[in-house]
Amino acid sequence: RLPGLHERTALGLGVVIEGRVHHGRSFSAGEFRSVLRGPGNKGQFSLTHGESLRVTEDRKLMRRVIEELARNVAMLVTTLNLDEVYLGGDIEGYGPEVIAEFEKWIQDSWPYPDAVHCRVKFSSLGRRAVAYGAAGLVLNRLFAELGSVGRLGRAQPTFPVGVAERFRAATTESFEAMS
1 RLPGLHERTA LGLGVVIEGR VHHGRSFSAG EFRSVLRGPG NKGQFSLTHG ESLRVTEDRK
61 LMRRVIEELA RNVAMLVTTL NLDEVYLGGD IEGYGPEVIA EFEKWIQDSW PYPDAVHCRV
121 KFSSLGRRAV AYGAAGLVLN RLFAELGSVG RLGRAQPTFP VGVAERFRAA TTESFEAMS
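Residue numbering for the sequence shown follows the numbering used here, starting at 1 and increasing by one per position.
Please keep in mind that the hints were generated in silico from the structure rather than gathered at the bench. As the structure is a prediction and not an experimental result, all values here were calculated from the model. Treat each hint with caution, since some may be false.
For lysine-lysine, the following BS3-like pairs were computed, each having C-alpha atoms within a straight-line distance of at most 30 Å [to be verified]:
(1) K60 with K121
(2) K42 with K60
(3) K121 with K104
(4) K42 with K104
(5) K104 with K60
I would like the entire structure built from these sequences, with the hints used as guidance.
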């Protein structure tokens, strides 16, 4: 156990706005802390230190974490009027009741009489979601730093033809080997 580690769960969010990943001013967008946690909570959720150490083994505690996460995400869906929420990683192992919990809280948080139009689904990446997200961040920064800014204000890659395709193929093979 690492000093200062308070939980066996870790969660990060990815936000895509108008088809582009939102990184934030200092590339820290996606850091998560529940709005329900209090001063005595050391981790991301409103769990005691003891609860956080056994959350992965205690299904009742994990359901509480899933509900808390769903409530936080529902607030984001309502505030940002999101169309889709994708869940990836270990949370997928808890089954379809996770999706139902998210849908329930999203609908309950929606302030209008009509139904909210936000799809909640599991990503197809499973446990590889973090690796793909990290690779995407690296690629995005690589292209931004090596590219030039085009007339649309976006980084335009200046790589020789085929470099990006070879890199994509090599990383795909690496990710497949990890699974």
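Taken at face value, is the distance from the CA of K60 to the CA of K42 at most 30 Å?
holds (20 Å)
30 Å Cα cutoff - pair K60, K121
This hinted pair holds, its Cα atoms lying about 22 Å apart.
Below or equal to 30 Å on CA atoms is what counts here, so check K42 against K104.
Within the cut-off at roughly 28 Å; holds.
Given the hinted pair K121 and K104, is their alpha-carbon gap at most 30 Å?
holds (13 Å)
Pair hint K104 and K60, alpha-carbon separation not exceeding 30 Å
Cα-Cα ~18 Å, so holds.
In the structure shown, no violation is registered for any of the earlier numbered hints.
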